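From first to last, the protein sequence lines stand for chains W and S. Number 394 marks the last residue of the first sequence (the working numbering); no jumps. Number 1376 marks the last residue of the second sequence (the working numbering); no jumps.
What the hints contain is simulated information worked out from the structure, not anything from laboratory work. It cannot be assumed that every hint is accurate.
The calculated BS3-like cross-link candidates involving lysine-lysine, where the alpha carbons are at most 30 Å apart (straight line), are [to be verified]:
1. LYS1351(S) to LYS271(W)
2. LYS1351(S) to LYS1055(S)
3. LYS271(W) to LYS1348(S)
All values derive from a computational prediction rather than experimental measurement.
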Amino acid sequence: MTISEAQLRDRVRELLAAHPIASTPREAFLEARFDAGLAWVHFPEELGGLGLPRTQQAVVDAELEAAGAPDNDPRRIGIGLGMAAPTVLTYGTEEQKRRWLRPLWLGEEVWCQLFSEPGAGSDLAALGTRAVRDGDTWVVNGQKVWTSNAHNARWAILIARTDPEQPKHRGITYFVCDMTDPGVEVRPLRQITGEAEFNEVFLSDVRIPDAHRLGEVGDGWRVAQTTLMNERVAIGGMRLPREGGVIGPVVEAWRERPELRTHDLHQDLLKLWVEAEVARLTGERLRQQLVAGQPGPEGSGMKLGFARLNQRISGLELELLGEDGLSYEDWTMTRPEIVDFTGRDAGYRYLRAKGNSIEGGTSEVLLNIVAERVLGLPSEPRTDKDVAWKDLAR
Amino acid sequence: MEGPGQVSTSVDLLYSETEDELRSVVRDVLTDHCTAAAVLARIETDEPHDRELWKTLATEMGLAGLLVPEKLGGQGATHREAAVVLEELGRAVAPVPYLSSAVVVTEMLLGCPAQQPQVGAQLAELASGRQVGALVVPFTTAPHAPYARVRRSSDGLLHGTVTAVADAAGADLLYVATDDALYTLAADQGGVTVTPRTSLDLTRPLADVTLDGARGGEPISEDPDSAVRRGLRAGAALLASEQLGVADWCLTETVAYTRDRHQFNRPVGSFQALKHRLAELWLETVNARAAARNAADALATESAEAPLAASLAQAYCSPVAVHAAEEALQLHGGIGMTWEHPVHLYLKRAKADAVGLGSAGRHREAIAGLVDLRAP
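One chain only, chain W, in its complex shape (with noise of 0.2 Å):
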């Protein structure tokens, strides 16, 4: 299906006109964008969109945006919205779709990811939690770690092994955990924040039906590829303004505080200004190629240049904050629903920041990916390719 333009906004404001949203409650108006396929415009009919080039929904937005229509949160349900969603749908029977697809973008259901656990973070096909299968379920057992959201979640995405005679990347089976079954539990994982934005989750004797199953048995590696590539998208790809991001508030303190200023910061901040203002012009540059068609490998260095740029830039900001760098705003455990860089001190932002050369795969693996991938320098020596999983060094 192509629609102009024009129809779509025409589309867009019929639904305005429908419902009008100073009078219509914020669920119902969010029921009726979905069933109007506006939720996702490139999501197929019946389930929120139109079958439409994913580019258009910039348009549905814009116009929504300028009425002043509320959203769905989608800084609440980011994992729901970037990660299951898109795998759902690739990988989904139609009865999962429509059982799934329709509450995750209402934000009624909320959703996280059971991938890393402790034995397995950047070698994450290493994974040990175990599913047996007992007739029509599976019965599930081990440890997920660095879940945000699990407290809140009603399901979760989870890959297990189902098979530990094969090769790592061959046992794995992929599902959708009910996260309020009783063998599962949510402990917070505090971090040097002081706050637990993420948990650690036990898996005991948690009985999943197999009509919950994404994919063949045996085939989850492929499947999270999908979940995978959409979050480092997600993680890389925040569209700027100049100054936008943390060096904001760096630049800010600056310009209003003459008395912090010294030579040697000044030179440190010039560098960091030009590298912030290139890396936001190559995420520029990146966007141009796709919206021409032409996407190109570039997009892989992104979030390696923004983790390094981050901690950088709030190190910098500490620094020059002198005596005000020292305090801390707050070491209460709290669990917050979403990661907030700039609302926060230079306290939290240093911290915070650590985690972003670690999180959804470390600086040092996407150097690896980079020369094998970009540059086709050879990979490194895999020893465990052709060894049955149970049979590995752990």
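Keeping the supplied structure of chain W fixed, place chain S upon it in accordance with the hints.
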């Protein structure tokens, strides 16, 4: 004037189809006529430039006239196309005075009053590649910094010495500024002495220019400042594309070499220590491309942000080209230290370019003023 927070969204950072075609034509010519062996061999001669190559690129292909409007004898193209040519010239460390003559001097002349009849005639000569021009200021001069001027004595003759002028050796026309005018001199006229220096960069030779009673004739402009700065700014903005080309060659060549070179019974490029260094370099070249394209596009569209875009590109691309060349040398091991291998040509060009038209530090100073990040 826009504040530092606002950004124009109309910047085009990609290459158009025409630009891609131009690149491929220029690369073909350079592959045939500007091999590393040829560049090395020419260095042993006294010729400052490769005249045959210049004739092919400038005259036959019309590349020297890209920035000159068609009615003045040029191609009427933009800085975006000139930037693509410079990327390719950088990749080949081509010993031709393109940046000096077809960018800096040409742009400077475009900034002179059009009613001066010599200006149009000189633009046509430069655009055709029949003559080569050089602006007589040290190659190190940043667009926003004070620049060298000569003295006009009461008898109207010009006096003074300007050191380290890029491409003055081999130029036909020399452009000198006094405090209140800009003059064109013929390189071979009386009172003009051009003394080649032994230059670090063997492919962009420097020379000292001494005027001892040279006759300046009619000035081409009585506002030397705006014209000279315009020329230097375009030079700095587009030098970033040359630096990108240098970095790109260094990366591509080093990746190929480390895949091929075996030690310890495996390609040296399979060692993670080397892979990570090359991946880092790739990230830098990706960023450099965005910065260089931004600078070229800002000039082409006459954006109010052109000065910022030029300094941003210089502040970023200068160290990237040097880093790429230094990494290329190290990762080539012993062969990279030999005269026979071309990597030293790129190192010398990269290091000279980093100092040329304002160092990265000078451009960061300019940025500090442009975006209101003042020194203590």
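Hint check results:
1. The straight-line distance between the Cα atoms of LYS1351(S) and LYS271(W) is roughly 19 Å, inside the 30 Å bound, and the hint therefore holds.
2. At most 30 Å may separate the alpha-carbon atoms for a hinted pair to count; LYS1351(S) and LYS1055(S) meet this at roughly 27 Å.
3. Restraint check for LYS271(W) and LYS1348(S): the C-alpha separation of about 24 Å stays at or below 30 Å, so the hint holds.
Comparing the model with each numbered hint stated earlier shows that all of them hold.
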